[in-house]
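Undergrad: From first to last, the protein sequence lines are chains F and V. Residue 205 in the numbering used here sits at position 205 of the first sequence, with consecutive numbering throughout. Residue 212 in the numbering used here sits at position 212 of the second sequence, with consecutive numbering throughout.
By construction, these hints were calculated from the structure, which means they are not laboratory data. On a predicted model such as this, the values are computed, not experimentally measured, just so you know.
In this list, chains with the same sequence are indistinguishable; a pair is considered to hold if it fits within one copy or across any two.
The calculated DSSO-like cross-link candidates involving lysine-lysine, where the alpha carbons are at most 30 Å apart (straight line), are:
| # | residue 1 | residue 2 |
| --- | --- | --- |
| 1 | 12 | 224 |
| 2 | 266 | 12 |
| 3 | 73 | 27 |
| 4 | 109 | 44 |
| 5 | 70 | 248 |
| 6 | 260 | 12 |
| 7 | 160 | 191 |
| 8 | 191 | 12 |
| 9 | 14 | 224 |
| 10 | 34 | 70 |
| 11 | 27 | 178 |
| 12 | 248 | 44 |
| 13 | 109 | 34 |
| 14 | 224 | 175 |
Protein chains: 2
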Amino acid sequence: MTTDQLISEIKKKKSFLCVGLDVDLDKIPEFLLKEEDPIFSFNKAIIDATHQFAVAYKPNTAFYEAYGLKGWKSLEKTINYLNENYPEIFTIADAKRGDIGNTSSRYAKAFFEDLGFDSITVAPYMGKDSIEPFLAFENNHTILLALTSNEGAFDFQTQKVGNQELYKNVLETSKNWKNSQNLMYVVGATKAEYFAEIRIIIPNSFLLVPGVGAQGGNLNDVCKYGMNEDVGLLINSSRGIIYASKGKNFAEAAALEAEKLQIEMKTILDGIR
Amino acid sequence: MTTDQLISEIKKKKSFLCVGLDVDLDKIPEFLLKEEDPIFSFNKAIIDATHQFAVAYKPNTAFYEAYGLKGWKSLEKTINYLNENYPEIFTIADAKRGDIGNTSSRYAKAFFEDLGFDSITVAPYMGKDSIEPFLAFENNHTILLALTSNEGAFDFQTQKVGNQELYKNVLETSKNWKNSQNLMYVVGATKAEYFAEIRIIIPNSFLLVPGVGAQGGNLNDVCKYGMNEDVGLLINSSRGIIYASKGKNFAEAAALEAEKLQIEMKTILDGIR
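Only chain F is shown next, with the shape it has when bound in the complex:
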């Protein structure tokens, strides 16, 4: 999916919501455990109920790997279901991969070509040649960790490298990589003021923003400082939506939570136009 297609979906749906599919068998409704593939059944119901309010879905691969082969099968079925039924949806493999060049190429092939994801999250520590193999896929997006929403973000990401914090150095440096127009960035919502400084470095890029809601970030503040002319934000919510209820009505409850966020987003989008 191209950036233009994503922007057009955002404008059509008046939503820049990404739903995180972090599926934990201990947290989904018990009656689903009788199904042949409970994870896929859960995802399918959640996707069908929430897709009108969301522009992106983001399974975190850890939750699937934790169930071994079965988990990978559920992941495959989920991405196939999305691609077949909702081709207008932007899909993100939240995998945080990154390795030396020929190995990163393997990951890129696995997630972009074989699984068919539109994008993948990657970690910057190993530098340029660990990321460029992902960027070489010109119809895909590569989402680089910049400033994450967890406490450990302050261990290294906010340390000063010369005059600027490491995460800003990552942003600056990555602009020089080949096909950097295919980059998006993970920026946590925990400190909304950071977005203003980030926008000076990367005014046009899309930001994938975890940490709104459950982790304490505020949607209005993030938009105030982080939004650009093309919106430029994908706000992720996982637990707040997918675990809204453990009852028979779990999908409807998820839809209600997704709709609440979409209405907030619509208000913000209408307000600036």
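Please build the complex by placing chain V on the supplied structure of chain F, with the hints as guidance.
TA: Relative to chain F, chain V alone:
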């Protein structure tokens, strides 16, 4: 496996060789492609032929993920084969994972409990709470990327954070994490002099060293600067060993290459004792 058991194996075998199982179907002998599971057949033959010269095996997960479900099955069979037949071997999942706390817990469970690896490589960018869930597994080791052997290592890892390079900051900081005694570190062999400075910060930890041979590092130099009283090094070789021949004799050719390295290692070990 405990560190003491690993050290005792190293002394018994006079080897600190780790064989990287980075299996690419385009590079293995063609006649194996007729087998039901060519990757596992290849690994099994390589392991059987080289285990007397090696103390550790390291499949890089990217190479298995690239083949989807089939690849994961091959990975499962490989680790099971190692654990059942060679329990004295130290196993490393070269996965370079790392995520927020509850997600890292998932990865730790997947690789340590379900797959049964002794250790996993992890990336430091997300800080303490992304690594401690791995360290919580007290019978396992967590191998933190410090200084990698690729060109991109100079993008961020060697940038100065205050008075010291980021990779040294990672080493220092990680010493304060809970259960840090379970940490090992990835340190590439491309600049052997770095090992002297690294040993000042972490004198006792094991280092997993890629980049000897194919990537230009020199074994003697690495040992000169990096070895400690417990040896403290695992030297990885992948392509140089496993792709030594594409013929019927591929396993014997791999054994010869592994033995060459083991003999070099024995000479070094005998020299210092």
